[in-house]
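A.B. asks: Residue numbers (the numbering used here), protein chains in the order written: chain X, 39 to 149; chain Y, 145 to 224.
Be a bit skeptical, because a hint or two may be false.
[Claimed, not checked] List time: in silico EDC-like cross-link candidates among lysine to aspartate or glutamate, alpha-carbon distance up to 16 Å:
1) K137(X) - D167(Y)
2) K49(X) - E72(X)
3) K137(X) - D170(Y)
Derived from the structure by calculation, the hints contain no laboratory data.
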Amino acid sequence: MKSYESLIIIKPNLSDSEVTTLIETIQGWITANEGEIVLSKPWGIKELSYPISKFTQGHYYQVQFNATRKTLVEMRNRIRVTESILRDLNVTMESIQSKNPVQEEVASIAE
Amino acid sequence: MEKKKQVIKRRTKKRRVCAFCVDKVDVLDYKDLSKFRRFVTDRGKIVPRRNSGICAKHQRALAEAIKRARFIALLPFCVD
Ligand SMILES: [Zn+2]
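Chain X with its partners taken away, still in its complex shape (with noise of 0.2 Å):
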């Protein structure tokens, strides 16, 4: 088991219902093997620095979850076969989150 975050951009053109439906399959994806999640934060609609597939907004979703290897790898295919996703960044929580006790608040760029 590790600690990964996820951050995903979802088509702009879904509606926010179909949006909620999609991070709950996500969901869904982590949870299924036995993969536990942290975070859950959707970002809501966030323009984009540089188009993406003609997109120039899209919506975030930030999640944070212990998983294995396997799990991550099985979310990964998924993501890749899913439409609406345009694209995923998968870090482990240890390569952005200080080990020293004094953590300090992320100033959050969602807003």
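We have chain X; now place chain Y with the ligand onto it with these hints.
C.D. replies: Leaving out everything else, chain Y with the ligand in the frame of chain X:
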């Protein structure tokens, strides 16, 4: 004989300390844009170490964070 006074201009070396070392940063979060905005030029390039005074260790971490942010479209690859 008149002695020519030679004026040698020496570039004064500024002692610079790595901004991240000062803050005792050990990991850089790619989402924390405010922390590394000033190390990206107007054109979206990563500021070289010789200009920013960042240490080698933190420049590597910085480059990684910027590249991650670029990939997920939080930062542009280039601005023209
Ligand atoms: Zn440093």
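A.B. asks: Does each hint hold? Answer for all of them.
C.D. replies: Right, here's what the structure says about each hint:
1. K137(X) - D167(Y): 15 Å, holds
2. K49(X) - E72(X): 28 Å, violated
3. K137(X) - D170(Y): 8 Å, holds
The structure shown violates just one earlier hint, number 2.
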